[in-house]
Amino acid sequence: MNKIKCFAVLLSAVLLSGSLYADDLKNALRLYEDGMLVRSRTLFNDIQKSAGSEEPEGWSVLCDVLMKTVGYEGRMADFVKSNPHSVLIPQIRYAYAANLFDEKQYKAASEEFAKIDFKTLYKDQEDEFLF
1 MNKIKCFAVL
11 LSAVLLSGSL
21 YADDLKNALR
31 LYEDGMLVRS
41 RTLFNDIQKS
51 AGSEEPEGWS
61 VLCDVLMKTV
71 GYEGRMADFV
81 KSNPHSVLIP
91 QIRYAYAANL
101 FDEKQYKAAS
111 EEFAKIDFKT
121 LYKDQEDEFL
131 F
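Counting from 1, one number per residue, gives the positions in the sequence shown under my numbering.
A few of these clues could be false.
[Said to hold, decoys possible] For lysine-lysine, the following DSSO-like pairs were computed, each having C-alpha atoms within a straight-line distance of at most 30 Å:
| id | residue 1 | residue 2 |
| --- | --- | --- |
| 1 | Lys81 | Lys119 |
| 2 | Lys26 | Lys81 |
| 3 | Lys49 | Lys81 |
| 4 | Lys119 | Lys104 |
| 5 | Lys81 | Lys104 |
| 6 | Lys104 | Lys68 |
| 7 | Lys68 | Lys26 |
| 8 | Lys81 | Lys115 |
| 9 | Lys119 | Lys26 |
| 10 | Lys119 | Lys68 |
| 11 | Lys49 | Lys26 |
| 12 | Lys104 | Lys115 |
| 13 | Lys68 | Lys115 |
| 14 | Lys107 | Lys68 |
| 15 | Lys49 | Lys68 |
| 16 | Lys81 | Lys107 |
| 17 | Lys81 | Lys68 |
| 18 | Lys107 | Lys119 |
Just so you know, these hints were derived from the structure itself, not from any lab.
Hey, can you work out the whole structure from these sequences and the hints?
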């Protein structure tokens, strides 16, 4: 999780440095890091509405995927289509592929994992990815 935290802090500094929303984003990322996904998703949604940035929305989508929120697949597909170059796409795809695998949808999971560039994974995800 330290890699996520480092990435999140770097992302927040780059995206919203000097912004009124920097503190809110920092708080949302801290809650995400602590596994408080419902609350962090709410904050990410609020930040996205106020700031209009794609990254808080991406974090919110990632929370939905991790929590398997009803209808997350459609929201995920919309985000990926609208923001194909977001730095969060590999993490969203990874979480989705893991969900598919857990649901014993091995072929679909394999197809989703195939969309992820190995170099974009965190070190602690590499073994599961290669499995």
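Tested hints:
1. Lys81 with Lys119: Holds: lysine 81 and lysine 119 sit about 21 Å apart, inside 30 Å.
2. Lys26 with Lys81: The hint holds at about 26 Å.
3. Lys49 with Lys81: Answer holds: lysine 49 to lysine 81 is near 19 Å, not above 30 Å.
4. Lys119 with Lys104: Holds. Lysine 119 to lysine 104 sits at ~26 Å (cutoff 30 Å).
5. Lys81 with Lys104: The given pair, whose Cα atoms are some 26 Å apart, holds under the 30 Å limit.
6. Lys104 with Lys68: Since the Cα atoms of lysine 104 and lysine 68 sit roughly 15 Å apart, the hinted pair holds (cutoff 30 Å).
7. Lys68 with Lys26: Holds: lysine 68 and lysine 26 sit about 24 Å apart, inside 30 Å.
8. Lys81 with Lys115: holds, 14 Å
9. Lys119 with Lys26: With a Cα-Cα distance of about 26 Å, the restraint between lysine 119 and lysine 26 holds, given a limit of 30 Å.
10. Lys119 with Lys68: holds, 25 Å
11. Lys49 with Lys26: Holds. Lysine 49 to lysine 26 sits at ~16 Å (cutoff 30 Å).
12. Lys104 with Lys115: holds, 19 Å
13. Lys68 with Lys115: holds, 20 Å
14. Lys107 with Lys68: holds, 19 Å
15. Lys49 with Lys68: holds, 22 Å
16. Lys81 with Lys107: holds, 22 Å
17. Lys81 with Lys68: holds, 19 Å
18. Lys107 with Lys119: holds, 22 Å
Hint compliance for this structure: no hint is broken.
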